[in-house]
Amino acid sequence: MESELAVNAVLGDISLSLAERHELVLEAPPGAGKTTQVPLSLLQADWLGQQQILMLQPRRVAARACAEYMATLLGETVGETVGYRVRLDSRVGPNTRIEIVTEGVLTRRLQSDPGLEGVGLLIFDEFHERSLDADLGLALAMQGRELLRDDVDPLRILVMSATLDGEAVAGLLNQAPILRCEGRQYPVQLHYGAARKLSESVIDPCVRLLHQLMSEANPGTVLCFLPGQGEIRRVQQQLQLPDDVQICPLYGGLKLAQQRAAIDPPQTGERKLVLATNIAETSLTIAGVHTVVDSGLERVARYDPNTGMTRLHTQRISRASSVQRMGRAGRLGPGQCYRLWSEEQQDQLAPQAAPEILQADLTDLVLQLLNWGVQNSDELGWLDQPPAGAWQQALQLLDQLALSVLDGERRQLTPLGQQVANLPMHPRLGRMLALACECDQLELGSRLAALFGERFPDEGSHPSVESRLQLLRNDQLKGALTGWRQRVLRQAKDYQRRAQDIAGEIGLAIAPEHAVGVLLASAWPDRVAQRQGQAEDAGYLLANGRRAQPSQRTTQQWLLAAELGGRGNQSEDRIYLSADLDIAALERALPELFRDTEEIGWDSREDRLQARTLKCIGAIELHSKAVETIDGSQRAEAVLAHIRNRGLDCLSWPDELQQWRARVQLVAAHEGDPWPDLSDDWLLANLEQWLAPYLETISTGKQLRHLSLLPILQALLPWPLSRDLDQLAPERLKVPSGSSIRIDYGQTPPVLAVKLQEMFQCEDTPRVVNGKQALLVHLLSPAGRPLQVTQDLAGFWRSSYQDVKKDMKGRYPKHPWPDDPLSAEATRYTKKRQGS
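In this note's numbering, each number is its position in the sequence shown, counted from 1, plus 9.
For the record, the hints were derived by calculation from the structure and aren't laboratory data. No incorrect hints appear here.
Derived lysine-lysine pairs resembling DSSO-like cross-links, with alpha carbons at most 27 Å apart:
| no. | residue 1 | residue 2 |
| --- | --- | --- |
| 1 | 841 | 814 |
| 2 | 264 | 502 |
| 3 | 264 | 487 |
| 4 | 814 | 743 |
| 5 | 841 | 823 |
| 6 | 743 | 818 |
| 7 | 840 | 823 |
| 8 | 487 | 502 |
| 9 | 841 | 818 |
| 10 | 818 | 840 |
| 11 | 634 | 711 |
| 12 | 840 | 815 |
| 13 | 841 | 815 |
| 14 | 840 | 814 |
Between beta-carbon pairs, the in silico distance windows are:
| no. | residue 1 | residue 2 | range |
| --- | --- | --- | --- |
| 15 | 469 | 405 | 29 to 35 Å |
| 16 | 25 | 486 | 51 to 57 Å |
| 17 | 394 | 583 | 31 to 37 Å |
| 18 | 701 | 310 | 43 to 49 Å |
| 19 | 385 | 640 | 37 to 43 Å |
| 20 | 22 | 159 | 22 to 28 Å |
| 21 | 251 | 452 | 43 to 49 Å |
| 22 | 385 | 612 | 40 to 46 Å |
| 23 | 583 | 212 | 20 to 26 Å |
| 24 | 469 | 356 | 34 to 40 Å |
| 25 | 758 | 385 | 52 to 58 Å |
Given the structure is predicted, the values throughout are model-derived calculations rather than measurements. C-beta: ideal position from N, C-alpha, C; glycine also.
The task is simple: from the sequences and hints, build the whole structure.
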């Protein structure tokens, strides 16, 4: 069978290409044999010599499975020529030439040996999954190779994938050549279901379909893809299948024996149903599969930089994923694939899954890069640059955890940060383990760290950390909890052993009843939570400013919210796992989390400044005290903040001031420099420049409104501009009647409202700003009502005046309405008074 594998046709080309170049991209579909055949075929390559092949596998199950299979092909056991290293398990020996590692293992090896001495070929398998650690491993390997390896002792890099944009990867790898291997895929008949919303459960339709399929006499294994462990358990519980059907779950948290049972052929005379997560999409080969049932869903961790939290999201798979899952049914012969969604929905699927680096918590990545010596992500090569928002939040968290510090313009890891970077855990848990060492609670800290590294199998139960710790002390557990307990305890022992490297002198005492909450708060200081009010359904305010409701009622005043759920666009989350917290004990243990500040702000209800001293942990205020004396500069700064918040309307703007501003603005619009901009936008943006010096005695809204702004703003107009203003934009204009009429600069264009008779003999429209701005003349009746609005006075006299005269002469007979207004005497009086 091995001779029939599609990849065998290109094995010679792979070796030849790597001999000529130090980089290669291999595209081969699932089932082509690339994972096992490529490393074995390259063992005897002349260019490799006796160096090692290091192969990265994204998943532990796949790493173990392919190592065992390759060892079998060589007639050996794992740990001889072929070995593996994964979390909690290692099978390598002194003669191991092919070592398969998972992602965290590769990162730590690169940190301790950036040049990968003794390694001739580094293979990235299943790179299309675009995991965060794979992207990081490739970036570090490329830079380490550039700095520490040369053409005499090159490190070759081979990137293998089933579905990938090979051109982009090749470009990243110095325009590496691309080899494509066509798969030998048998036809697969597709069956679509009804259109289904993402929010609809897949359990019932999946159970119905599986009952139908397993009631038929078709031989072979049925592989069913479900989004997560919870769905796998619920489907398994609802299935009632014949005795000859072996049901095997398959996901990352299972015991090795259970994983092997899912992968191996069914026992003689039995049929097999495998209920799997997307772990079975690519690198794992499950024997005998002819039928695939696909829910079309997957569960992914997505980081929300708005909340600083990572949540599991159930989402539709990509089109590439659907093709890979379907292909599982066509490896051995013609197969069937049942999709629990419609054909129209298939066309709407995204072409590829989003790379993890674009939606993940980057804290560990940034910690590793700082440990590597990188300050900015653009110092390395990436297929996708880490998002700036998530990068900055990671830096802030590392500072908050005391793992990094900004030294001038460079951020450095603290000694504690350097130690935590070498631990196989999230930096939060590493910080907690360090505190556990300091307070002689290493066993407890290790168990807590392990708890958060293993998914709890009984969702919705045991919502307190203390109750889950109690389960670890119970050796009578049944079902899935048994395996969970064994894995957690095993991981805890490993953490306890590794923590010896960071253990210093015991210098801190924490009461045992307070230790759990304090240790967890050292890892998640942003999730310290205070109850808001005394009502039964009172929620909690978190130190990060978010609000949350506990999944079960509690009257505890303080909590540590260890696991939260909800949507990032909602203001309130759900607390699914918590620990009691004694805030006084936390302050004694970690006083750096608390800050004493003085707050000066505007109280809208009292309409005045208020100052107080605060003790806070994040956004949570513990207590405050009023401050009577406020420094003048602080007072001015607080009043400026109030004005920015409320706008300029909280100041007093009498008409005299508004007219003066409008005059300056008009001249500035026509003359430009050196006339200042006094628009609202400029005034708000430059409050410190023109207003701050006058605010040091202001405490109330009344005082603010009584502040005379005219002389303050006039000070912005230097001599001789203040003199020129009266010439260029005079407040009043003398009209032909001799009257001095006020110009309204508050309108655009400025308005001259004057009785019609007072403008006799005036043919040209009045202008200001050296004739650059014509006034809008409102010609008024003797009663002061507008008869005509014009900027063309000459045109009015020639045309519209005669109509106005005809209409007004009978209504106002005492006032002059001459036939020729341009030769008549302008007057503000009646004819009788004018004659006298």
